[in-house]
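Participant: Given the sequences, and given the hints that come with them, work out the whole structure.
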Amino acid sequence: MDDPVNGAVRSMLDRLNEGFPRVEQMTGPQARAAVAERRVPADNLADVRSAVDRSIPGAAGAIGIRIYHPHGHPSGARPGIVFYHGGGFVFCDIESHDGFCRALARGTQTVVVSVGYRLAPEHPAPAAALDAIAAFRWVVEQATDLGIDPTRTAVAGDSAGGNLAAVTAIACREQGGMAPAAQLLLYPVIDPFFDTASYRRYGAGYFNTRAAMQWYWKQYLGGTTVFDPPYLVAPARAASHADLPPAVIVTAGLDPLHSEGCDYARRLRDAGVPIVHRDFPGLFHGFMTIQPFAPARSALDLVCGDLQELLVCAEGVSR
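Residues are numbered in the numbering used here as their position in the sequence shown, beginning at 1, plus a constant of 2.
Any given hint might turn out to be false.
Unchecked claim - With beta-carbon atoms standing in for the labels, derived distance ranges:
| id | residue 1 | residue 2 | range |
| --- | --- | --- | --- |
| 1 | R202 | N19 | 12 to 22 Å |
| 2 | R24 | Q111 | 33 to 43 Å |
| 3 | F22 | G274 | 36 to 46 Å |
| 4 | A35 | G66 | 28 to 38 Å |
| 5 | P23 | F196 | 17 to 27 Å |
Source of the hints: derived by calculation from the structure; they are not laboratory data.
From a predicted model like this one, the values you see are computed outputs, not experimental measurements.
Here a beta-carbon is modelled for each residue, glycine too, at the ideal position from N, C-alpha and C.
Facilitator: Dropping the structure here:
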């Protein structure tokens, strides 16, 4: 079979495949430490005017957040983004996605609130989801003090964080209260089903592996296979996907999660939800947070424009 990867992408994939730890052979804390050792500090600190850490009340104790304000002093409130980092529900944190959140705030000219939700396996599902929902509700309640327009506040996340963003959008519809104005799902983790076309084709050799994904889900589910409601862990299993916020969904063609991301985009579209689906056929899971990687920068520019358009539309609806 011909290699579907071009030279620059192959070089990056080889580096990632060689350097990323075999998490499926580790405990959760061991994997967390191994991934943290590979962390490179953000080099785009100047992308935002300020970044402030706070602690907010959560579903079961305090949740750490970091609030990023873009440069400038607008006359009114800015749109907001509540961001949930990826990391298989097990590792990464506010610091690991600091550079990406700065770039996101700059690119969208929004106030970004990054959420340090509880991690598995110490805190199995639905702990992360409950923290994600609580953080969004807090941002909406405190929007005036944060300089955010609550009617133009989106949820966003990459990978496992995309799962939490999707779950939060569904939970707000189900539980009432203000809903997100939009959702940005970057190659989201949608369902613990490992026999899709993309898992079969790209389950090994493309950075994120089938074995790792099975391990992540095992850590997160903690031995429980039935949740009520099911959408708290698997957004595709919601009884309905109607009346959810407009979405920008990014999928990567070389990602084991490609099939489930495309399927979720179809589910939303079929339910009447406005969708922008950006599919990057020659790229891999996690590419957008690799800031020095040229395809990541161009994709982020595109997606920031998409999200800005949705938030402008939300402003028109709210008036």
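Participant: All hints, please: hold or fail.
Facilitator: We went through each hint and held it up to the structure:
1. R202 x N19: 12 to 22 Å: holds (19 Å)
2. R24 x Q111: 33 to 43 Å: Between R24 and Q111, where Cβ atoms are some 40 Å apart, the hint holds.
3. F22 x G274: 36 to 46 Å: holds (39 Å)
4. A35 x G66: 28 to 38 Å: Given range 28 to 38 Å: violated, Cβ gap about 19 Å.
5. P23 x F196: 17 to 27 Å: Holds, at about 20 Å.
Comparing the model with each numbered hint stated earlier shows that hint 4 is the single one that does not hold.
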